[in-house]
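Build the full structure now, drawing on both the sequences and the hints.
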Amino acid sequence: MTNWLSNETALLAAWIVALVSSLTVLFIGEILGQTPCNLCWFQRAFMFPLAVVLGLGLWRQDQSIGYYGIALALIGGAIALWHLGLYIGVIPERIQPCTATGPSCTDENQIVVGVPIPLLSLLAFGLIAALLATSIKETST
Amino acid sequence: MTRKPVIVAILGVALAVFAAAVWYASRPAP
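Top line first, the protein sequences correspond to chains A and B.
If you read the first sequence in the numbering used here, its first letter stands for residue 1112, the second for the next number, and so on.
If you read the second sequence in the numbering used here, its first letter stands for residue 34, the second for the next number, and so on.
Calculated directly from the structure, the hints in this document are not laboratory data.
Where a beta carbon is used, it is the ideal one built from N, C-alpha and C, also for glycine.
A hint or two may mislead.
Said to hold, decoys possible - One-sided and incomplete, this derived list gives chain B residues near chain A with beta-carbon spacing under 7 Å:
{"#": "1", "residue": "P38"}
{"#": "2", "residue": "I40"}
{"#": "3", "residue": "A47"}
{"#": "4", "residue": "F51"}
{"#": "5", "residue": "V55"}
{"#": "6", "residue": "A62"}
What the hints assert, rightly or not - 25 Å max Cα-Cα, derived SDA-like pairs, lysine to any residue:
{"#": "7", "chain 1": "A", "residue 1": "K1248", "chain 2": "A", "residue 2": "D1173"}
{"#": "8", "chain 1": "A", "residue 1": "K1248", "chain 2": "A", "residue 2": "L1185"}
{"#": "9", "chain 1": "B", "residue 1": "K37", "chain 2": "A", "residue 2": "L1238"}
{"#": "10", "chain 1": "B", "residue 1": "K37", "chain 2": "A", "residue 2": "Q1145"}
{"#": "11", "chain 1": "B", "residue 1": "K37", "chain 2": "A", "residue 2": "L1167"}
Below you can see the structure in the form of structure tokens.
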């Protein structure tokens, strides 16, 4: 890895992605009134703590926060990948954890500004994981 | 290491944009 992206800049960028993602899903869910589906809730459960712990890691100048953050990002990314598989039809719908009474995981409500929410989620978690991996890699060298 | 004012500034801008978006989305219809 070249030095065009320092470890602190990578950590800062990862925090910004997590912060923007968290505020955006809060806006979509709570202000625009689009009730999150079950899988969306699981992804929220991993994105919200990222915005908090990465911010605290930056504040306390703790580079090792990348190790904790990357675990959250990879698990959240795995859920987003599963959600995206359901959305595009690769994974059969009968195993999706969305009940008939709750909001659907796969209908047209899952599109924001023309982009599916699971895809946005996967991109955000993937970007955070890559940035945190960069910060860890540079710390250990 | 990132200076704390930078962190506070980014957090402030993000929350300000969020508050503005909430105000815009919840304004009464004309």
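Checked hints:
no.: 1; hint: P38; verdict: violated, 11 Å
no.: 2; hint: I40; verdict: holds, 5 Å
no.: 3; hint: A47; verdict: holds, 5 Å
no.: 4; hint: F51; verdict: holds, 5 Å
no.: 5; hint: V55; verdict: holds, 5 Å
no.: 6; hint: A62; verdict: violated, 15 Å
no.: 7; hint: A:K1248 to A:D1173; verdict: holds, 14 Å
no.: 8; hint: A:K1248 to A:L1185; verdict: holds, 16 Å
no.: 9; hint: B:K37 to A:L1238; verdict: holds, 23 Å
no.: 10; hint: B:K37 to A:Q1145; verdict: violated, 35 Å
no.: 11; hint: B:K37 to A:L1167; verdict: holds, 11 Å
Going down the numbered hints, you'll see the structure goes against 1, 6, 10, while the others check out.
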